[in-house]
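Asks: Protein chains in written order, with our numbering: chain H, 1 to 171; chain A, 1001 to 1508.
Treat the hints with care, as some may be off.
Claimed, not checked - Rough simulated footprint, nothing fancy, chain H against chain A, three-plus residues with beta-carbon under 8 Å:
1. 1445-1453
2. 1464-1470
Unchecked claim - A few chain H positions that, by computed beta-carbon distances, are all more than 10 Å from chain A:
3. PHE30
4. VAL42
5. PHE44
6. PHE53
7. TRP73
8. ALA78
9. ARG157
Source of the hints: derived by calculation from the structure; they are not laboratory data.
Every value quoted in this text rests on a predicted model; they were computed, and no experiment measured them.
Idealized CB from N, CA, C, for every residue including glycine.
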Amino acid sequence: MSDPSVRTVVDALEPWPDTVEWRPVSGKLFWVQLIGIVTWTVVFAAGLITGWFFAEHPAWLVALGVEVLTGIWRVVVAARAVQAWGYAERDNDLLVRHGLLVRHLSIVPYARMQYVDVTAGPLERAFGLATVQLHTAAAASDARVPGLPPEEAARLRDRLTALGEDRAEGL
Amino acid sequence: MTSTGPLHPAPTGPEEPAPTGPEENAPTGPEENAPTGPEKTVTPPPYPGLPTENEALPPARPPAEAEPRQRLHPLSPLLKGAKSLVVIVAALSWQTLSQLGPLHFAMVVAALAVAVVIFSVIGWFTTGYQVVGRELRVTEGLIWRRTRAIPLDRLQSVELRRTLLAQITGLAELRLEVVGGGKTEAPLAYLTVREASALRERLLALSGRTPVVAPEESPSPADPAAPPVAAPPAEIALHQVRNENLLTSQLLTPQAFFLPIGLAWVIMQFVLEGSWTFVGIASTVTAMAGVLLQPIRRVLADWGFRVSQDRDGRLVLHYGLTETRSQVVPTRRVQTLRITWPLLWRPKRWLMLRLEIAGVSVPESGNDNSSDRLLPVGDLDTARALIATVMPGVELTAMATSPPPSRARWLHPISLRFHGAGFTPDVFVTRWGRVTREMSLVPYARLQSVRVVQGPVQRMLGLATVYADTAGGRAGIARDRDLAEAWAIADELASRSRRARAVQATPH
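Only chain H is shown next, with the shape it has when bound in the complex (with noise of 0.2 Å):
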């Protein structure tokens, strides 16, 4: 079935080399999900904590080693996934990776692009970034790149945009 003018590589998260460069994600957005990561770790903490006080078993104790270490995990799991989304626009489409146990790889094609979705939430104004989403009509279409500087988001944004529009009706 393959085609014999394909190059295939193996290679799970570089296909195409020659062909493709592939832009990485700010390393900001780590500290991102490390604020995000971080909080919750102790809220949690704390509610265990609480619980130890109202009942001093072992188990709220247990609990709060599991929890911590599942924050530390977490966070390990969150830096080196940072480093594996990446970007790429092709000629005609954008390619997409991301994930580290189940990794994707999107290719969407510009003609495809329905609408354009810029969204920063506060922890990402606040460290100056902006996550890129194309939507399709299908819905499973996945193409969203996260921790993007906010200038790099908007010539992504203009050029998603200007791509997409003098193409057909996306159906």
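Given the structure of chain H, go ahead and fit chain A onto it with the hints provided.
Replies: Then chain A, alone, in the frame of chain H:
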């Protein structure tokens, strides 16, 4: 939109209908797109029938820019009210009846009926629709007014639905499917059948980009002399499902097979316990009804299934017994075709064809309310013919697929050799399933995006799954391919879909 037929705006572009003012654009829609058809008539001569084209349609319409808002049929509040009244009475149930006594109960029901009818009348009074340019506007609501504008060039399919009550009263509900929004946008309930089919013809004509219209034929409801204005356009019958086959096919379902077993079990239980309480029987019957209902509903829904093609090349599907449906689908709106070979149908060599259309919500299992059938039951030859109609050049028997590498056996111990993916000139073919074999055909031109996903187990085995997403909801999925092959498939899909789009976009 007026009937300024002879004004032919220059064919501005194949893509979007030029925004040159809706009133010129609308009637000339089919001609404007004529160049995209097989015949290369660039500027068709002003067709004399055009000025009268739309005058024949709505009964009284001043030749103003926008036609007045039109109401739904005066009986529709009664029909809608009857529906909700049934629900309310069912909710009141036996308990209330025994508490109130029949006289009071009747009074309560009467009061409720009056209230429901008043409510419905208000709803009817405030609901209206009008065609403005290439848009259908539907206005509704008394306190929260809502006007919804539906651009007709985005129309995916139009369905005319008639429930039993509507059939008695000669009314019909018109449902338009547009992308976005999980449910049907703007169901117009109810219109008379004639109005509804006239409106449907008009909306479909306005929806424009159906290109294969010969200029002479394009205004299908054009003939001003012909009194049956809403006469359905000439249709070429493609296939009619025999009702015996439909019955047999639904008897060959797990539910039907479980029925005798279930009955025997219930009877045995009663015999053993020796108690025939009313509650016991009633609850058993209810439980059985739930199981039994699905095949019966299928039979009722698909009764008298007819597929035909109108002269603009659109698919026209008629089916249903208690609720008849007639659905018009332009073939280029078909996102995916799915072929299913259920286990129990295999001795008969039967299969089922389903369409996926953007905007028609994907049914949950067991919910048959959506209109996605192309062929509820049929043999291979019928299916081949229908597929060739929907997707020209696609040959069901010549679908070569290759299975995943044999190390994927760890993930599919039984069904490995029934998985497969393959490229044909026009569609991406994937198939799967050991017990119920299924195949899905995704035209490259309909691809929305391509995804490659690799889970942890797959990474250990060096496998990956490729998804070919369409707007129809379900994707064509090539499961557990060799990683290098998965990349190749994804790349091939992307480039093939690009080529298919290019062909579609620039036909001349």
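Asks: Now tell me if each hint is right for this structure.
Replies: Hint check:
Check result for the stretch 1445-1453 of chain A against chain H: holds, 8 residues qualifying (beta carbon to beta carbon below 8 Å, three or more required). Closer than 8 Å: that is the beta-carbon criterion, and the stretch 1464-1470 of chain A has 4 residues meeting it against chain H, so the requirement of 3 holds. For PHE30(H), the requirement that its beta carbon stay farther than 10 Å from each beta carbon of chain A is met, with the minimum near 22 Å. The beta carbon of VAL42(H) sits about 30 Å from the closest Cβ of chain A, which is more than 10 Å, so the claim that it is off the interface holds.
A cut-off of 10 Å between C-beta atoms confirms that PHE44(H) is not in contact with chain A; the least separation is 26 Å. Distance check for PHE53(H) against chain A: the nearest CB is about 40 Å away, which clears 10 Å, and the non-interface claim stands. No Cβ of chain A comes within 10 Å of the Cβ of TRP73(H); the nearest lies about 15 Å off, and the non-interface call holds. No Cβ of chain A comes within 10 Å of the Cβ of ALA78(H); the nearest lies about 17 Å off, and the non-interface call holds.
At the 10 Å boundary, the C-beta of ARG157(H) stays outside the reach of chain A, the nearest C-beta of that chain being 18 Å off.
Consistency note: the structure conflicts with none of the earlier hints.
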